[in-house]
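Could you put the whole structure together from the sequences, leaning on the hints where they help?
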Amino acid sequence: MSRPVQARRLEGIDKNIWVEFVKLAATYSTVNLGQGFPDFPPPGFLKEAFLRALSEENHMLHQYTRAFGHPPLVKILAQFFGKLLGRELDPMTNVMVTVGAYQALFCCFQAFIGEGDEVIIIEPFFDCYEPMVKMAGGTTVFVPLRPKAPKDGKLMSSADWQLDPAELASKFSERTKAIVLNSPNNPLGKVFSRGELELIAELCVKHDVLCFSDEVYEWLVYDGKEHIRIATLQGMWDRTVVIGSAGKTFSATGWKVGWTMGPNRLLQHLRTVHQNSAYHCATLAQEAVAQGFQRELMLYGKPDSYFVQLPEELQKKRDWLVQSLDAVGMKPIIPEGTYFLVADISKFRSSVPDVPDSDEPYDSRFAKWMVKNKGLAAIPLSAFYSEAHKNNYNHFIRFCFAKEEATLKAANDILQKWKQEKTSP
Amino acid sequence: MSWYCMTRRLGSCEGSRRACNSQFFSGHIYYAGMLFASRSFCCLGVRTYQLRTDLLSRSIRLAASATMAFRPKNTRRIEGLDSNVWVEFTKVAADPSIVNLGQGLPDISPPAYVKEELAKAAAVDRLNQYTRGFGHPSLVKALSQVYERVCGRKIDPLTDILVTVGAYGSLFSTIQALIEEGDEVIIIEPFYDCYEPMVRMAGAKPVFIPLRYKNDGNSASSADWVLDPAELANKFNSKTKAIILNTPHNPLGKVFTREELQVIADLCIKHDTLCISDEVYEWLVYKGNKHIKIATLPGMWERTITIGSAGKTYSVTGWKLGWSIGPQNLIKHLQVVHQNTLYTCPTPLQEALAQAFWIDYKRMDDPDCYFYSLSRELESKRDRMAQLLQEAGLKPVIPDGGYFMIVDVSTLNVGLSGKDDKQPYDYKFVKWMITSKKLSAIPLSAFCGPETKRQFEKYIRFCFIKKDSTLDAAEVILKNWNKQTA
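Going down the list, the sequences are from chains W and S. Taken in order, the first sequence gives residues 1 to 425; the numbers are from the UniProt record's numbering. Taken in order, the second sequence gives residues 1 to 486; the numbers are from the UniProt record's numbering.
By construction, these hints were calculated from the structure, which means they are not laboratory data. Positions of the beta carbon are idealized from the N, C-alpha and C atoms, including for glycine. Heads up, some of the hints might be wrong.
Dumping the calculated DMTMM-like pairs for lysine to aspartate or glutamate here, alpha-carbon to alpha-carbon at most 20 Å [stated by the list, open to error]: (1) K390/W to D127/W; (2) K115/S to E56/W; (3) K120/S to D39/W; (4) K171/W to E387/W; (5) K73/S to E115/W; (6) K47/W to E116/S; (7) K390/W to D14/W; (8) K134/W to E11/W; (9) K332/S to E20/W; (10) K332/S to D14/W.
To give a feel for the contact side, a few chain W residues facing chain S, derived at Cβ under 10 Å [as the list claims (entries may be wrong)]: (11) A7; (12) V19; (13) L51; (14) A67; (15) Y102; (16) D117; (17) G254; (18) K256; (19) V257; (20) Q275; (21) L284.
Now the stretches of chain S that chain W is said to cover, found in silico as 3 or more residues with beta-carbon under 8 Å [unchecked claim]: (22) 101 to 112; (23) 123 to 132; (24) 161 to 173; (25) 176 to 184; (26) 333 to 344.
What follows is the structure, given as structure tokens:
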């Protein structure tokens, strides 16, 4: 064929950091703190729910369910999140189930972003936002979180990375259709404060902009911090699509169950995209997740709640990894949320020499060298920046700490040995 | 066409507005000025794209300026694509008093070993987390083995296969990857209803060509419905990017013969056109027929994406796993779409499917292989269904494959004029049949483009992948049919 066979919408979106790094981890890593998934199992009650569902005598759970979401699931989501959002949610019109939060994001961009539309993305960002905007024909507008120097002697916190209000305001234009908010933020672990969210909300209302609120790590907040839902702020419900994930909520990333919530005037368009792209989501996992939420609804706020226990567990792991990294000279930025943390690897630069005029950002080369030579997999922070800004913060790598103790210990051993190798003659 | 069609639909919707609980309806009510536009597509799911697109986008802009709270939000790409025949007719399935032969889902159990493999997979911790985006390694390996055998050529599991969320997801990935504005895509009518909106969502123009009944009178087999080669050739031009083929065919059950496929292949090669081959019912082929993969014809592998479905292969439609198989230079673009849409499919389901495939791959020479045993089971259901319909005075079209059967209901002379006169006959008939006979089916005009609806509006589609008790219940209704209609 003379002309390219593929459609133009694929231009510039064919590269994907995960394809490369997942392969590297699979090939070389002995300790994988790279891709974000737990290496511990989903909770027993969830696995039991799944088994019950698949072996039911009435085997109809192996067949199609309601396309926009299995009724038991949308009903419990409406009930559960209605409480948290402070409003009554109609399961049929205010909730839609998707194939992971990933597909929820896809539906948002396809439904609302077209040529001429600008989308504001806060850097660093979960990498799929940018290609999804491009595929929809939109224009990305980036605004960075800027690190403020921590107090003397203290480690940086994700809270020290902040938006400059004037800078943020300057990014809004007539063409701005949406802003993507990710709180708690992947990769930094930042949990946006009420003040920060109000800033964003005011601008959204002022400029009549939609907010795609990626809240997949909503339960993973530490140190008594509160996850605030921007949809609860003044003027925001009507312009926000809230996105959630069973994978992150219940440590079952392989189930690929996500959801969107919002006003019908927005959800109706997500439904149109969904019914013309994936249409149905797998039934069994939806049934099991519904039962998981039933349990959590009953135990909400109680010590037995998975949503209480999981962040408690993960906070310990966070602190352990922070200590581990600090001890060897990698400077961790303490995350307020998520199961990621970013560390400054400047002190380890000697292990991986600079290559002047290299196209590849330093941290990417570092991460590749590290997995190949040390067997420790992590993701370069530049993966979470736009092309133009990849070298702005190129001495950080992201670790995932949703890992068994044994895994974190093994990581520690590698780091300790590495440090010793550096310091010994 | 336009205004006439609109008023037809307006009239038809008045009566059924109550029953139409569509979420689309409540959404569109927001655009208060244009109520009739919203009703038109909530009730019927029948598409009148050109009109609807114009009217709706105008209505959105009008209403938006009137309300001033929010500007128009949705993109052009989804204009007019919101309605869907299933929304109305699957609601019916929820009513347990209705014998549901409408939507294509089995009410028979998947084979026991398939369920067992899933239980085993879910018990492995690692299999509850992300797997390889383009397809779980053990699954793509199993698929490559099965299809290497079927196609007689080497298939690379990593580059020639993409696992998707159902065959639906494969259709979407293929169309998004390879079709765009300026392209034309040939769609054979009647067609599985998603082809048209997917092509439109990609910005391209669907070009329809109907299957035409070639026999006179009596023999009614799906084989009697054929494409006119000259008519087909006329549809190809320099803009034709692809043709969508569905064999075995939904809703007719037609199994395209080698000769028929050759006609299509010749045109694809001549015009350098792609072929999107939806073969989800590939194993469900009845005696005297053979499923032939168009990708195996000379010159076709390099231009064909072949789509398959776990849901149809293993009677697990709720697993929503499908796959696209083709040459690397095409599949790589589908993979790009996939990595930017949902990234990866559920892991435990893929692992279980892989294991099920290994079990059946090993017995592909054995008649007990599920690929063949399901087909035999369905053939007897097909024959039973046909007999019941004939005894009720209906004229079924006996399918050579698939699990649907279309029936000419005009022979019953059920007078439905005066009731919702603007609707196609088959829609009225199905609604009447649901309420008065407690039996559901799907109207065939839902599967047609605007020009062909008249041709197919005397047909309705029954699904027969149903357990015996369901068919027994249908039998009771059909046997009593004449007593009540007289």
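Going down the list of hints, with the structure as the test:
no., hint, verdict
1, K390/W to D127/W, "holds (12 Å)"
2, K115/S to E56/W, "holds (10 Å)"
3, K120/S to D39/W, "holds (18 Å)"
4, K171/W to E387/W, "holds (18 Å)"
5, K73/S to E115/W, "holds (13 Å)"
6, K47/W to E116/S, "holds (15 Å)"
7, K390/W to D14/W, "holds (17 Å)"
8, K134/W to E11/W, "holds (8 Å)"
9, K332/S to E20/W, "holds (15 Å)"
10, K332/S to D14/W, "holds (9 Å)"
11, A7, "holds (4 Å)"
12, V19, "holds (7 Å)"
13, L51, "holds (6 Å)"
14, A67, "holds (7 Å)"
15, Y102, "holds (5 Å)"
16, D117, "holds (8 Å)"
17, G254, "holds (3 Å)"
18, K256, "holds (5 Å)"
19, V257, "holds (8 Å)"
20, Q275, "holds (5 Å)"
21, L284, "holds (7 Å)"
22, 101 to 112, "holds (count 6)"
23, 123 to 132, "holds (count 9)"
24, 161 to 173, "holds (count 5)"
25, 176 to 184, "holds (count 5)"
26, 333 to 344, "holds (count 9)"
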